[in-house]
Amino acid sequence: MCGIHELTEKDLQPLTYTPAYLDKIKGMRFFDPHVHMTSRTTDDYQAMADAGVVALIEPAFWLGQPRTGVDTFRDYFNSLLGWERFRASQFGIKHYCTIGLNSKEANNEALAEAVMEIMPQFIYKEGVVGVGEIGFDDQTPLEEKYYRAQLELAKEANLPVQIHTPHRDKKKGTQRSMDIAIEHGLPPHMVIVDHNNEETVKEVLDRGFWAAFTIYPFTKMGNERMVEVVKQYGSERIMVNSAADWGISDPLAVPKTAALMHESGIDSNDIHLVTYVNAVKAFAQSGQINEADFDIAGNIDQSEKFNGSTVLRGGQQPRINKNTTIIR
Amino acid sequence: MAQYVYDRQKMSEALTAIIAGNSSEAARDWLQQRLEKAASIPQFNQTFTAIPRFTGKNIVTVSPEQAAVLHQLVPGFFVHGWTLDRLIRVWWLLQLDATDKAAYLDTVEKLFLSAEMNELAALYSALPLLAYPETWIFRTAEGVRSNIGVVQEAVMLQNPYPARYLDEPAWNQLVMKAIFTDKPLHLISGLDQRSNAALAAILTDFAHERWAAGRKVSPMQWRLLTAFVTADNMADLTRVWHSADQVEKAAAALVFSGSDYAPAKTLLASDPALTAEIQSGALSWDVVAAKLTQN
Ligand SMILES: [Zn+2]
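Chains as they are written, first to last, in the working numbering: chain A, 1 to 328; chain B, 1 to 295.
Take these hints with a grain of salt, some might be off.
Unchecked claim - Listed next, the in silico DSS-like pairs over lysine-lysine satisfying Cα-Cα at most 27 Å (straight line):
#	chain 1	residue 1	chain 2	residue 2
1	B	Lys37	B	Lys110
2	A	Lys155	B	Lys37
3	A	Lys155	B	Lys110
4	B	Lys216	B	Lys265
5	A	Lys281	B	Lys57
6	A	Lys231	A	Lys172
7	B	Lys216	B	Lys177
8	A	Lys220	A	Lys24
9	A	Lys170	A	Lys231
Derived by calculation from the structure, the hints in this document are not laboratory data.
Extracted from the complex, chain A is given alone in its bound form (with noise of 0.2 Å):
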């Protein structure tokens, strides 16, 4: 015994309360098209239903250390289609999930190689809504390669391509990203490019693709440059993701924008456009999204959600820590 007061399960329940920027968007529904879950804890999963989220697209990514064998891709597609979308499932949250080579993981050749083989036998599942996220890392020539065989891919099986662009060299990165996605016969209509920034937008725009913007802290935008962005260039073909994963991040990024849009007096219209209509625009031109699917997933049955098979134990409360509207 370590000799504290004893202990009841109730003392070690989170504390929960309702942060105040939940009212301002209190009703809105949410679509984050950009989220890696895999790397989050099921209370975020809780967290972003109580915040509206309805649905939401994991593409696949790198998971911070290389992958050795085909056989750990494999099983990482296999849980972005079977546990994640469970798990998601358990708070009403439908889970959609794009496939791809990530262009790190490009660099390997013959692993790549394997990875392109069993790709095909991915693509066409259920709610794979996309090839991504996919393009360049260090815009190496393997990279190039592999980027541009998923292009193919993606042609073939009429899906939209998610492009991750790169952190350095950006703005090159994202025009070659671009150049290349023509080249190969894929319409700017089918191909959103992500993680944009205030240098990157304009020409994606004019371009007339789709311009996703990734809202997290330190390393990509925060989401009061976010805002200035909706106000200069509107909502069309904008959409604003998370991109939570196994960094210092927030799952909650869209609806937080979301609040601070309101805040800053944008129409409920454009930011209804932005954090959702887009998103699912875009991805539903694979054929695998039906947004009468969030309400049927929404219904969720109280038994099965506090099941043994769940991810929850009896009782246990959500637990909401982050109160903060405002992410930089």
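Guided by the hints, dock chain B with the ligand onto chain A, whose structure is given.
This is chain B with the ligand only, laid out in the frame that chain A set:
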């Protein structure tokens, strides 16, 4: 070596008839086209995956005559309540050539390895129909271990394969996992036939653990003690009998009614009203199950 332990041709025809009554002409045309290429494994796999895109996911309706044909071909095999894509996937698996055992096993195993949730549910639903049935025992245990509800249900509920092929420890594991995950036990095929003394002991231990933690025990689990009521567990069942919860008491009554153990018979006889309800059929395990889902 037996490929199929039932008449595959007749089963395929019976499923084709059910599919015909539940699908659109466009879906049937597409399937016909795909059938011409089914001999190529990549094409076979791609079709298996793409089925819902072309057939939709309506719930199938099955006439009593059709259900009887299925049951006659494979006892306990049941497609009622399935979605059309699941039914067609199961039918599609029957179109895979099984003459080369190694190639057949490899193809099906790889489908399992890259399956998403609904594909897994279809694959596990197909267990009673797959060729070389004795080779799927390990797979079945893997399905029981899944954490995904629809997959567990496809293996555990209304599926005659586990009761027929699992050994006793694996079977007991399936039943316990079903209890842990709140599955409707009465829908497990072969539940009463495969009850056993080891399982009865595991269940009473489990009940002690739950009671010690101040938690409830599902009334349905006592059903599995019916043929194994002894002095060892009579005290536990007596506790259930004296429960303030009417459903728990009803469960104890049903156990006593099915048991040959004299003290159990005596206790049951002390409540003539309950005894009469059981004799008239007004109280049965299905009634208990229905009451539990209402709660
Ligand atoms: Zn990402």
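Which hint numbers does the structure go against, in order from smallest to largest? none
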